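Residues per chain, in single letters:
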Amino acid sequence: TPLGRSRAHKSTIRRSSRPVSSPPTRRKAASRTAPDQTPESEPSSKGKAPSAAAAAAMESVEALVAHIQGLSGSADELAQLHGLLKQADGDALRAHSAGLLPFLSHLHPGAHSLGYLYLLDSFVSSSANLRAHAGGDLLVTVADFLTSCSADQIRMAPDKFLNVCRVLKNEVMQLNAPIRGIAPLRAAVRKIQTSSEQLTPLHAEYLMLCLLAKQYKAGLSVLEDDIFEVDQPKDLFLYCYYGAMIYIGLKKFRKALELLHNAVTAPMSSLNAITVEAYKKYVLVSLIQSGQVPSFPKYTSSTAQRNLKNHTQIYVDLSTCYGTGSYSDLETFIQSNAEAFQTDNNFGLVKQVLSSMYKRNIQRLTQTYLTLSLEDIASSVQLNTPKEAEMHVLRMIEDGEIHATINQKDGMVSFNEDPEQYKSSEMVEHIDSSIQRLMALSKKLTSIDQNISCDHAFLMKVQSGRERARFDYDDFDSVPHKYF
Amino acid sequence: VSADQLDVEAYAAQYSGRTRVARLLFIAERCGVEAIQLEALRMAHDEARAREDTVLYLDAVLKINSRLGPRYRHDQAWVDSVNRRAEQRKEKLETELNGYRTNLIKESIRMGYNDIGDFFYAHGHLSEAFKSYIRTRDYCTTSKHIVQMCMHVILVSIELGQFAHVTNYVSKAEQTPDTLDAVIVAKLRAAAGLANLETKKYKLAARKFLETGPELGSNYSEVIAPQDVAVYGALCALASFDRSELKSKVIDNINFRNFLELVPEVRELVNDFYASRYGSCLEHLEKLKPNLLLDIHLREHLGTLYNDIRHKAIIQYTLPFISVDLNTMASAFKSSVSMLEKELAALITENKIQARIDSHNKILYARHADQRNATFQRALQTGNEFERDIKAMLLRANLIKHDFNQKNWPGQRKMNL
Chain A
1 TPLGRSRAHK STIRRSSRPV SSPPTRRKAA SRTAPDQTPE SEPSSKGKAP
51 SAAAAAAMES VEALVAHIQG LSGSADELAQ LHGLLKQADG DALRAHSAGL
101 LPFLSHLHPG AHSLGYLYLL DSFVSSSANL RAHAGGDLLV TVADFLTSCS
151 ADQIRMAPDK FLNVCRVLKN EVMQLNAPIR GIAPLRAAVR KIQTSSEQLT
201 PLHAEYLMLC LLAKQYKAGL SVLEDDIFEV DQPKDLFLYC YYGAMIYIGL
251 KKFRKALELL HNAVTAPMSS LNAITVEAYK KYVLVSLIQS GQVPSFPKYT
301 SSTAQRNLKN HTQIYVDLST CYGTGSYSDL ETFIQSNAEA FQTDNNFGLV
351 KQVLSSMYKR NIQRLTQTYL TLSLEDIASS VQLNTPKEAE MHVLRMIEDG
401 EIHATINQKD GMVSFNEDPE QYKSSEMVEH IDSSIQRLMA LSKKLTSIDQ
451 NISCDHAFLM KVQSGRERAR FDYDDFDSVP HKYF
Chain B
485 VSADQLDVEA YAAQYSGRTR VARLLFIAER CGVEAIQLEA LRMAHDEARA
535 REDTVLYLDA VLKINSRLGP RYRHDQAWVD SVNRRAEQRK EKLETELNGY
585 RTNLIKESIR MGYNDIGDFF YAHGHLSEAF KSYIRTRDYC TTSKHIVQMC
635 MHVILVSIEL GQFAHVTNYV SKAEQTPDTL DAVIVAKLRA AAGLANLETK
685 KYKLAARKFL ETGPELGSNY SEVIAPQDVA VYGALCALAS FDRSELKSKV
735 IDNINFRNFL ELVPEVRELV NDFYASRYGS CLEHLEKLKP NLLLDIHLRE
785 HLGTLYNDIR HKAIIQYTLP FISVDLNTMA SAFKSSVSML EKELAALITE
835 NKIQARIDSH NKILYARHAD QRNATFQRAL QTGNEFERDI KAMLLRANLI
885 KHDFNQKNWP GQRKMNL
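Heads up: the protein sequence lines correspond to chains A and B, in order. Numbering follows the numbering used here, with no gaps: position 414 of the first sequence is 414. In the numbering used here, each residue's number is its place in the second sequence (first place is 1) plus 484.
Read the hints as simulated data drawn from the structure, not as lab findings. Remember, predicted model here, so these are calculated numbers, not experimental data. Please note that the accuracy of each hint is not assured.
[Claimed, not checked] Quick list of simulated restraints, FRET-style, between CB atoms:
1) L220(A) / H852(B): 37 to 43 Å
2) D399(A) / D736(B): 54 to 60 Å
3) T320(A) / N857(B): 33 to 39 Å
4) Q861(B) / G465(A): 39 to 45 Å
[To be verified] Simulated crosslink set (EDC-like; lysine to aspartate or glutamate; CA at most 16 Å straight-line):
5) K875(B) / E224(A)
6) K773(B) / E784(B)
7) K359(A) / E331(A)
8) K255(A) / E871(B)
9) K574(B) / E612(B)
10) K423(A) / D854(B)
11) K875(B) / E197(A)
12) K234(A) / E277(A)
13) K875(B) / D226(A)
14) K885(B) / D449(A)
15) K846(B) / D410(A)
16) K615(B) / D599(B)
17) K875(B) / E229(A)
18) K252(A) / D410(A)
19) K875(B) / E258(A)
20) K885(B) / E229(A)
21) K255(A) / E869(B)
22) K885(B) / E331(A)
23) K444(A) / E871(B)
24) K826(B) / E375(A)
25) K351(A) / E339(A)
26) K387(A) / E375(A)
27) K576(B) / D602(B)
28) K773(B) / E752(B)
29) K818(B) / D756(B)
30) K885(B) / E224(A)
31) K687(B) / E729(B)
32) K684(B) / D792(B)
33) K309(A) / E277(A)
34) K255(A) / D873(B)
35) K444(A) / D873(B)
36) K359(A) / E388(A)
37) K298(A) / E612(B)
The C-beta atom is built at its ideal place from N, Cα and C for all residues, glycine as well.
Let the hints inform the model, and build the full structure from the sequences given.
Listed below in structure tokens is the structure:
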């Protein structure tokens with residue numbers, strides 16, 4: 001009998017530190033399970049294993065499984081289990097990965113999340129396994145796991161968790177059914193986040209699935225949280241980009257603009273493709289939302305400021321063309337560059353930019369006229385017939401973009417003032433909640449400021465600076481001037 | 485441009501020196517009426533010949549193009565003899581100057597340079613004249629000399645069109661410690677006004693012209709006539725002053741009244757504007773327009789000035805009313821309702837009139853912004869912007885804290901929990 005087989009069970013499980021002299025399946029030192037562990041795993045595994053070596057391996061897995069079941073109680077036990085699992089990890093598990101699947105049924109994903117995770121992870125890491133089980137219950141298994149796993153346990157092995165999620169995503173993409181991945185991934189995102197302000201790599205993948213499945217509202221739940229902590233820049237860029245696309249799909253241009261703004265102005269030392277694409281959309285959405293593209297704020301990285309425009313020249317030209325205010329010029333410009341826009345997948349947005357030009361011109365009219373005939377509207381906005389003008393005005397009234405009434409008998413449109421009196425209770429609530437939100441934000445800002453002031457590195461820097469030159473209090477702008 | 489009422493002789497009589505010829509040539513160029521053209525050219529030719537200015541003479545002859553008979557044909561012999569004499573005189577002056585320079589007598593050197601400057605000026609070599617006059621600066625001993633130098637430079641600069649120099653030297657002259665002769669002060673003001681006019685600073689130009697004392701008279705005829713001071717001053721004032729300034733500086737200005745008496749139409753104009761008789765005011769303007777287009781300094785600015793005056797009139801007209809019927813307004817301004825509507829729309833877009841047009845009933849309604857609503861709106865908007873900016877800032881601070889560097893990207897997936 002191999003060494004250690006007769007040893008007592010719980011605390012010592014001998015790792016196969018013996019040099020490999022036999023084929024991999026034999027490498028693992030089988031550890032006997034303790035008498036009180038579940039015996040029924042044995043006969044079933046024996047039944048499946050074709051060779052003795054594999055049988056031995058299976059036994060070890062069973063042992064592992066048993067440990068998982070036993071040690072998934074308190075935090076200490078979990079720590080111990082974790083150690084065991086880490087030891088068992090590697091070629092040992094991976095080698096028998098094909099046979100791991102049935103074991104999973106003995107484990108409860110919620111109670112034994114950590115062990116389940118390890119087994120699952122090694123199973124799905126092998127593409128052979130995936131191909132063998134493609135489209136089958138594997139997807140369901142993984143999805144179930146993700147929805148029902150315990151957050152504390154899986155946080156102990158984040159890499160594996162991410163791996164499993166990514167595999168799920170790939171599978172649903174291969175099956176061309178991204179919608180199947182949405183619910184599990186959403187659950188996964190919530191579980192792996194330590195706080196709702198943290199950005200995980202899963203965010204971007206989740207949003208991508210939502211986009212592909214056209215389930216924009218599903219994406220909203222994740223997008224509504226503000227993100228303040230980011231570990232990896234690539235996550236942020238993808239998150240901002242996909243998030244903005246979702247908002248664009250829902251026509252919430254202002255929020256899309258915020259996300260794209262963050263992507264474009266994030267600190268970066270070299271330009272990346274995501275930012276370039278984000279900037280293209282940024283130009284288009286700004287044109288739709290406010291009719292002009294704001295210049296780069298001072299905190300934009302110099303890399304972005306210098307190079308972005310070079311890569312997105314036609315978009316810059318588009319915005320200058322838009323600025324002239326002539327619909328026909330814009331139209332010809334778009335037609336001549338239609339191919340370029342198509343390849344960027346931005347043609348839909350570009351068409352929206354074109355129609356927004358009418359809107360802007362009509363809105364300008366509301367500032368000058370109280371009533372205006374439909375023919376005059378048509379001529380000043382460069383539309384062809386009064387009927388078209390009527391259609392545009394009607395649509396704008398329905399979308400709430402202008403306040404007006406159309407008198408069809410006279411062919412006149414009367415522009416009204418904004419009826420909002422700021423007296424209703426909804427408005428008061430809205431104002432009140434805004435105030436609360438801003439106060440909370442302010443407090444957060446103050447606390448961060450205090451933390452930084454106590455930070456060692458900061459104090460060192462201030463000290464050294466003080467020796468060289470006196471800091472005048474006026475040197476520090478406490479609030480940006482535009483808020484005055 | 486028809487100017488059948490322009491009496492070329494009377495006009496030219498107001499001026500002397502080079503500007504007379506220059507103005508005559510200008511009129512000849514821009515005027516559409518052949519008779520007046522020829523008249524102007526003839527006078528220019530005679531004047532040039534009398535002054536022995538070959539450059540202007542050749543210019544005049546070219547333009548006349550043999551239309552005026554044998555006496556006005558190109559006389560190369562005369563040109564050559566004049567040039568020869570000029571060369572001799574120039575050499576003489578230069579040797580004299582060199583002599584003075586070796587003797588190092590300041591006063592003589594100064595006068596030598598002045599003489600050369602005068603010579604160049606008389607013969608149309610303006611940049612050399614300019615240089616010579618500038619050179620006298622080092623040899624000026626009294627403030628009178630300085631003033632004299634400044635006046636010369638100003639004269640040349642005006643003709644050269646370099647109005648920055650004009651302003652410069654006017655201020656130099658005004659800063660001399662001695663009190664200046666009233667005529668000189670008036671001249672300086674007029675010159676400053678002219679410089680401002682040409683550089684499109686109409687308000688400043690108006691102020692300077694209005695400050696010009698009546699002592700100017702015809703003493704500055706080599707540059708500007710008193711009628712011009714009146715016209716330029718009045719037009720610039722109308723285009724750029726508001727009502728109170730107009731009243732205090734123009735209408736109640738006793739000194740300026742002397743000038744205005746010389747051009748009664750302009751005086752009528754200003755009074756009409758102030759009394760809100762915009763129709764007749766604009767009519768006067770239209771009547772004066774063709775003659776003013778022939779003025780060498782005013783021509784380029786006339787369009788802008790007229791537009792400004794018209795816009796001011798419109799704005800002032802609508803100011804006291806809550807609602808204005810566009811039809812009455814159109815008849816008051818002698819234009820059609822649609823044209824007026826377009827003008828009004830443009831002015832509203834530029835935020836010069838706070839009103840809205842009821843195009844159906846053709847009424848203009850004054851509009852007073854609702855302060856309370858505007859305040860709420862602004863407050864909410866500021867709150868939103870604040871929120872957005874702070875969140876973005878916190879995110880960026882966090883990114884910088886983790887010291888993001890894209891070189892760290894691939895393969896470094898670690899979550900610090």
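Going down the list of hints, with the structure as the test:
1. In this structure, L220(A) and H852(B) meet the distance hint of 37 to 43 Å, their C-beta atoms being roughly 42 Å apart.
2. Distance hint check for D399(A) and D736(B): the Cβ-Cβ separation is about 57 Å, which falls inside the suggested range of 54 to 60 Å.
3. Against the hinted window of 33 to 39 Å, the Cβ-Cβ separation of T320(A) and N857(B) comes to about 35 Å, which satisfies the hint.
4. Separated by about 43 Å at the C-beta atoms, Q861(B) and G465(A) satisfy the suggested range of 39 to 45 Å.
5. Between K875(B) and E224(A) the alpha-carbon distance is near 13 Å, which keeps this suggested pair within the 16 Å criterion.
6. A hinted pair counts as satisfied when its Cα atoms are at most 16 Å apart, and K773(B) with E784(B) qualifies at roughly 12 Å.
7. About 15 Å separates the Cα atoms of K359(A) and E331(A), which keeps this hinted pair within 16 Å; it holds.
8. A threshold of 16 Å between alpha carbons decides the hint, and for K255(A) with E871(B) the separation of about 12 Å falls inside it, so the pair holds.
9. Note on K574(B) and E612(B): the hinted pairing holds, with a Cα-Cα distance of about 12 Å set against a maximum of 16 Å.
10. Only pairs whose Cα atoms come within 16 Å are accepted, and K423(A) paired with D854(B) is accepted, the gap being roughly 14 Å.
11. Between K875(B) and E197(A), the direct Cα distance comes to roughly 11 Å. Compliance with the 16 Å bound is thereby established for this hinted pair.
12. Note on K234(A) and E277(A): the hinted pairing holds, with a Cα-Cα distance of about 14 Å set against a maximum of 16 Å.
13. The straight-line distance between the Cα atoms of K875(B) and D226(A) is roughly 8 Å, inside the 16 Å bound, and the hint therefore holds.
14. For the hint linking K885(B) to D449(A), the alpha-carbon distance of about 13 Å falls within 16 Å, and the restraint holds.
15. With a C-alpha separation of about 14 Å, the suggested pairing of K846(B) with D410(A) holds against the 16 Å cut-off.
16. Restraint check: the Cα-Cα separation between K615(B) and D599(B) comes to about 12 Å, which is no more than 16 Å; the hinted pair holds.
17. For the proposed pair K875(B) and E229(A), the alpha carbon gap of about 11 Å is at most 16 Å, so the pair holds.
18. A distance of roughly 36 Å separates the Cα atoms of K252(A) and D410(A); the hinted pair therefore is violated under the 16 Å criterion.
19. Straight-line distance between C-alpha atoms of K875(B) and E258(A) comes to about 10 Å, which keeps the hinted pair within the 16 Å bound.
20. Taking the CA atoms of K885(B) and E229(A), the gap is near 10 Å; set against the 16 Å cutoff, the hint holds.
21. Taking the CA atoms of K255(A) and E869(B), the gap is about 12 Å. The hint holds against a cut of 16 Å.
22. Proximity of K885(B) to E331(A) is assessed by CA-CA distance (about 46 Å); at most 16 Å being required, the pair is judged violated.
23. As the CA atoms of K444(A) and E871(B) are separated by approximately 12 Å, the hinted pair is consistent with the 16 Å bound.
24. Distance restraint check for K826(B) and E375(A): the Cα-Cα separation of roughly 15 Å lies within the 16 Å cut-off, and the hinted pair is therefore satisfied.
25. With a CA separation close to 13 Å, the supplied pair K351(A) and E339(A) stays within the 16 Å bound.
26. For the suggested pair K387(A) and E375(A), the alpha carbons sit about 9 Å apart, so the restraint of at most 16 Å is met.
27. Simply put, K576(B) and D602(B) have alpha-carbon atoms about 14 Å apart, close enough for the 16 Å limit, and the pair holds.
28. Between the alpha carbons of K773(B) and E752(B) the distance comes to roughly 15 Å, so the proposed pair stays at or under 16 Å and holds.
29. Of the supplied pair hints, the one linking K818(B) and D756(B) holds, its CA atoms being roughly 15 Å apart against a limit of 16 Å.
30. Between the alpha carbons of K885(B) and E224(A) the distance comes to roughly 24 Å, so the proposed pair goes past 16 Å and is violated.
31. For the suggested pair K687(B) and E729(B), the alpha carbons sit about 11 Å apart, so the restraint of at most 16 Å is met.
32. Taking the CA atoms of K684(B) and D792(B), the gap is about 12 Å. The hint holds against a cut of 16 Å.
33. Among the hinted pairs, K309(A) with E277(A) is consistent with the structure: their alpha-carbon atoms are about 11 Å apart, no more than 16 Å.
34. Between the alpha carbons of K255(A) and D873(B) the distance comes to roughly 13 Å, so the proposed pair stays at or under 16 Å and holds.
35. Taking the CA atoms of K444(A) and D873(B), the gap is near 14 Å; set against the 16 Å cutoff, the hint holds.
36. For the proposed pair K359(A) and E388(A), the alpha carbon gap of about 12 Å is at most 16 Å, so the pair holds.
37. Using a Cα cut-off of 16 Å, the hinted pair K298(A) and E612(B) is violated, with the two alpha carbons roughly 51 Å apart.
Of the numbered hints given earlier, the model fails hints 18, 22, 30, 37; all others are met.
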